[in-house]
Amino acid sequence: MSISYGEIFPILAIAVPDFEPSEADWAEPLPYVFMHQMMEFVCRKAAASSHDYCEQFAALLENLAIEGDEETQGLVLDVIEDLRECESKELIAEHFGPRVRYLWEEVSQPSYLPDEGPSGGWPKS
Amino acid sequence: MTISAACATTVRFSPSRYTGKERDSESGNDYFGARYYASTMGRFMSPDVSGEPMTLPYSNIENPQSLNLYAYVNNNPLSAVDDDGHQTVPDATGCTNILCRIWHWLNTRPTNSTDDAVVGGTKGVVNSFIDAGNFLDRHLSGGHDQAPLLNMGSQAQNRGAFAAGIGMLFVPGGEELGIGNLLSRDRLLAEATNPAVRDAIKMMFREGATTGDGSTAAALEHEIETGQQVGGRWHYTKTRELRIFVQRILKGERGAISPAEKAILEGIENRLNDALRRTPTI
Chain S
1 MSISYGEIFP ILAIAVPDFE PSEADWAEPL PYVFMHQMME FVCRKAAASS
51 HDYCEQFAAL LENLAIEGDE ETQGLVLDVI EDLRECESKE LIAEHFGPRV
101 RYLWEEVSQP SYLPDEGPSG GWPKS
Chain Y
1 MTISAACATT VRFSPSRYTG KERDSESGND YFGARYYAST MGRFMSPDVS
51 GEPMTLPYSN IENPQSLNLY AYVNNNPLSA VDDDGHQTVP DATGCTNILC
101 RIWHWLNTRP TNSTDDAVVG GTKGVVNSFI DAGNFLDRHL SGGHDQAPLL
151 NMGSQAQNRG AFAAGIGMLF VPGGEELGIG NLLSRDRLLA EATNPAVRDA
201 IKMMFREGAT TGDGSTAAAL EHEIETGQQV GGRWHYTKTR ELRIFVQRIL
251 KGERGAISPA EKAILEGIEN RLNDALRRTP TI
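Residue numbers (my numbering), protein chains in the order written: chain S, 1 to 125; chain Y, 1 to 282.
One thing to keep in mind: the hints can contain errors.
Said to hold, decoys possible - Okay, the calculated bits of chain Y under chain S, using three or more residues with CB under 8 Å as the criterion:
no.	segment
1	32 to 44
2	227 to 238
3	243 to 252
Claimed, not checked - Distance ranges between label pairs, derived from CB positions:
no.	chain 1	residue 1	chain 2	residue 2	range
4	Y	N273	S	S49	26 to 36 Å
5	S	E90	Y	G178	33 to 43 Å
6	S	E28	Y	Y31	56 to 66 Å
7	Y	A256	S	F41	17 to 27 Å
8	S	S119	Y	R198	52 to 62 Å
Calculated from the structure, these hints are not laboratory results. Cβ atoms here follow ideal geometry from the backbone N, Cα and C, with glycine treated the same way.
Please take these sequences and the hints and turn them into a complete structure.
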């Protein structure tokens with residue numbers, strides 16, 4: 001694991017080029033808020049058939065899920081849960097890498113409980 | 001001696017009756033301070049007279065029931081209580097009804113309480129009342145949302161999401177704004193048009209979360225109390241960041257917000273502060 005949560009913001013900032021942080025975001029980065037808003041942005045773009053954004057977003061999540069520390073992985077799971085409310089979620093999910101796809105399939109189960117998390121926990125490296 | 005006779009010697013009927021008020025043994029009426037209530041007739045024995053000079057005390061032209069000075073809490077005892085015989089006004093919690101007050105107590109009690117089972121059970125009961133209230137509200141009001149019983153969303157899809165806990169946000173001053181003091185996630189979103197406010201609500205209440213009041217703050221509180229993660233990750237960082245985000249919106253950094261949105265954000269901020277104050281300092 002080479003990405004610590006404290007160093008994550010520059011990675012998020014360049015992941016989806018058309019979704020850039022403001023000056024206030026840089027002054028005191030809030031990765032949870034930024035990622036939630038990025039997800040909403042990509043969701044809107046996916047609905048308009050802009051699949052490039054979906055690829056960029058999915059690649060970011062996969063990278064964070066594999067390389068991130070525990071807090072970063074928690075952020076990834078939070079975003080994936082958020083994605084359930086996106087109407088065009090399946091268009092985004094098509095681009096997921098194996099680790100995020102595993103989490104997505106867990107989270108998408110009708111029996112999934114947000115308070116319990118993925119039944120199998122995080123996939124083994 | 002029969003069992004019933006034995007019981008009869010030990011049973012003591014409490015003088016406290018409807019809503020905990022004392023019953024006069026001679027008249028059979030309940031004493032509310034300002035006047036007596038006749039439970040046999042379901043009304044007060046004298047009109048509600050305000051201490052302040054006014055044309056018609058406690059009247060609300062939009063609610064004809066308020067013109068009946070003999071009625072108990074506008075003939076709506078499921079949603080409101082009368083403490084002193086006068087029409088009820090919001091108390092220090094901002095609540096004007098008993099369910100709101102119970103909810104407030106459940107969610108502001110000390111975290112080292114040892115009565116979690118009791119609290120959990122009470123939440124279930126309160127939740128049932130809220131559901132029943134919403135059901136009655138919807139059907140008695142002809143399907144419209146006018147004068148909602150608890151001023152909270154009653155969409156059927158909400159029921160499952162909040163089945164185990166009380167997935168509600170306490171909104172200070174919400175009743176005066178006409179949106180209610182206790183709002184479900186769907187109602188909060190229905191009141192919010194500013195995208196940043198909507199983001200804050202969605203981050204605060206995850207759909208389907210049932211720990212405590214279903215909020216991010218409740219997840220953090222649970223983690224502090226048990227040392228166990230909620231949903232496979234910790235919630236401290238998210239709670240802290242969400243609070244900063246809410247404060248930025250309140251400062252006007254994310255565009256104009258309505259009075260209702262401001263009240264909602266203040267409710268979220270209060271709730272996040274509650275949880276963060278419980279975080280152990282190292």
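A quick look at each hint next to the structure:
A count of 0 residues in the segment 32 to 44 of chain Y with a Cβ less than 8 Å from any Cβ of chain S is obtained; the coverage claim is therefore unmet, three being the minimum. Here the segment 227 to 238 of chain Y counts 8 residues with a CB under 8 Å from a CB of chain S, which clears the bar of 3, and the coverage holds. By the rule of at least three residues with a Cβ nearer than 8 Å to a Cβ of chain S, the coverage given for the segment 243 to 252 of chain Y holds, with 3 such residues. With their beta carbons about 43 Å apart, N273 of chain Y and S49 of chain S fall outside the hinted range of 26 to 36 Å.
A hinted range of 33 to 43 Å for the beta carbons of E90 of chain S and G178 of chain Y is consistent with their spacing of about 39 Å. Judged by the Cβ atoms, the range 56 to 66 Å given for E28 of chain S and Y31 of chain Y holds: they are separated by roughly 58 Å. Take A256 of chain Y and F41 of chain S: their Cβ atoms lie about 21 Å apart, and the range 17 to 27 Å holds. Checked against the hint of 52 to 62 Å, the C-beta distance between S119 of chain S and R198 of chain Y comes to roughly 30 Å, which is inconsistent with it.
In summary, the numbered hints that this structure violates are 1, 4 and 8.
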